[in-house]
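Join these two chains into a complex; the hints should help.
As given, the protein sequences belong to chains A and B, one line each in that order. Numbering follows our numbering, with no gaps: position 25 of the first sequence is 25. Numbering follows our numbering, with no gaps: position 108 of the second sequence is 1108.
These are calculated hints, taken from the structure and not from any lab test. Check the hints yourself; a few may be wrong.
In silico DMTMM-like links for lysine to aspartate or glutamate, alpha-carbon gap of 20 Å or less [said to hold, decoys possible]:
id, chain 1, residue 1, chain 2, residue 2
1, A, K35, A, E77
2, B, K1071, A, D97
3, A, K76, A, E2
4, A, K44, B, E1074
5, B, K1071, A, D7
6, A, K44, A, D22
7, B, K1071, A, E104
8, A, K107, B, D1069
9, B, K1071, A, E59
10, A, K56, B, E1120
11, B, K1064, A, E104
12, A, K38, A, E2
13, A, K101, A, E2
14, A, K23, A, E79
15, A, K76, A, E3
16, B, K1071, A, E98
17, A, K35, A, E73
Remember, it's a predicted structure, so these values are computed and weren't measured experimentally.
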Amino acid sequence: MEERQYDLIFICQPDTPEAEIDKIIATVEHAAVEKGGKIESVNKWGRRRMAYRVRKLREGYYVYMVLKSTHGEVVKELERRLKVSDVVMKYLTVRLDEELKRQEKLKRHRERRAARRPRKTAPPAPSAPSAASSGSGEQAATSA
Amino acid sequence: MAEENAPQQAPPAAPPAPSGPSGSSGPSGPSGGPRPQARPGGPAKRGKRSFVRKKKVCRFCVDKSDFIDYKKAEILAPFLQERGKILPRRMTGTCARHQRWLTVAIKRAQNIALLPFAAEL
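One chain only, chain B, in its complex shape (with noise of 0.2 Å):
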């Protein structure tokens, strides 16, 4: 279990901390944490029992978008399982506030028929 939690949280390639000086750590914690992924194949090169798992980037950080938008049910899609589940954050790497944002917008979706609540066989 340590073995697998090791990689994912081991930013020991510290780097990106010390860019947040004092303050403005503070308020853009919660969100700006998780987001800078930008080592260079850091825990690929641990024990060879370790499978390489790409690392998984929240989409709308990387589009650096404030506003998930319920109409465009094209860019919810994605999110959907086949039968019409919203995916869980582990499977699609988006951030917590991502996620929560996105499920607003997809069960809006529902609602208005852009997006199925349960497809249908």
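With the rest of the complex left out, here is chain A (with noise of 0.2 Å):
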């Protein structure tokens, strides 16, 4: 099966010890390990204010990973681990393999359209040189 990447982001308490969140980190990348996926990056965006109060608390510790896996099973995991932990407030996993897939596929098709088209999106060019163009002869050599 292919690989899958999850974006992983949870939030602490704000008052939380550094100490505390790497461990969670860490207890985090070692159970992703165990269940046969690997963290790609760890990313901590550091206390943040929440769009609303979650447990009565304006701000929060974000957190943001990169996860890589072939199967399901390793979010479970971790999802029920952040839910254990008393610290983590929310959090959140996305499946995003299939949307960056997309999105090399649509990047790809406006690069080979680019290429196969080179002259830009004029629209009101076309039939004005077409028109005109036994006038300004070197402007149609230019753009082709």
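Here's what the structure looks like:
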């Protein structure tokens, strides 16, 4: 099975010491590896104001990770762990590989189109040069 | 009513249409259709009754974005109303495809408290 990519974000209590957060990250990483996944990157966004109150708090410590795995079991386990943890207020896992694939495809498609038609998107232009091609020969030459 | 519709979907200035030769216009139809809006003040000159309305263009099409990131709340925020509702397409001018992606992104952002579900008073 092909590899899947997930975004994993969780929010800790804002007053959690850094060491505690590192510990959570370590356990998450460990659990992911145990279940056959892999944490690609960890990014601590730090304290940040939340859009609404969670546990009566307005701020939270955001941690963002990218997870890669070939099956969904890892996610289940990681979410279970985050749920159990007291300092973690909220978490979200999003599967992204399909969207990224789509993005790649569209990008390739666009590039191919650009390559095929080197002239830039200038809709009013085509009628003008064709009509006045005799007059402005040099312009046509440069565009072609 | 007919008057209303006319300026919007009257691309009689049809130079953009022939630019899509045969096959390419087929698959890219739904997405590429409404994009090129480089009509220099065409509909502005109709009768004096019709006031000039600036043609809204999809922001994501302008940026040529193939993916709307739910993590960038500051990009998504302008598409919300004061109280946190998602703005409709007719207000923002977003194209159908990007609006579809946008709603998904906004809903994800809401779930992780990057955007509000409903703004508090």
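Outcome of the hint check:
no.	hint	verdict
1	A:K35 / A:E77	holds (8 Å)
2	B:K1071 / A:D97	holds (16 Å)
3	A:K76 / A:E2	holds (18 Å)
4	A:K44 / B:E1074	holds (18 Å)
5	B:K1071 / A:D7	holds (10 Å)
6	A:K44 / A:D22	holds (10 Å)
7	B:K1071 / A:E104	holds (19 Å)
8	A:K107 / B:D1069	holds (16 Å)
9	B:K1071 / A:E59	holds (17 Å)
10	A:K56 / B:E1120	holds (13 Å)
11	B:K1064 / A:E104	holds (13 Å)
12	A:K38 / A:E2	holds (14 Å)
13	A:K101 / A:E2	holds (12 Å)
14	A:K23 / A:E79	holds (16 Å)
15	A:K76 / A:E3	holds (16 Å)
16	B:K1071 / A:E98	holds (17 Å)
17	A:K35 / A:E73	holds (7 Å)
Going through the hint list in order, the structure satisfies each hint without exception.
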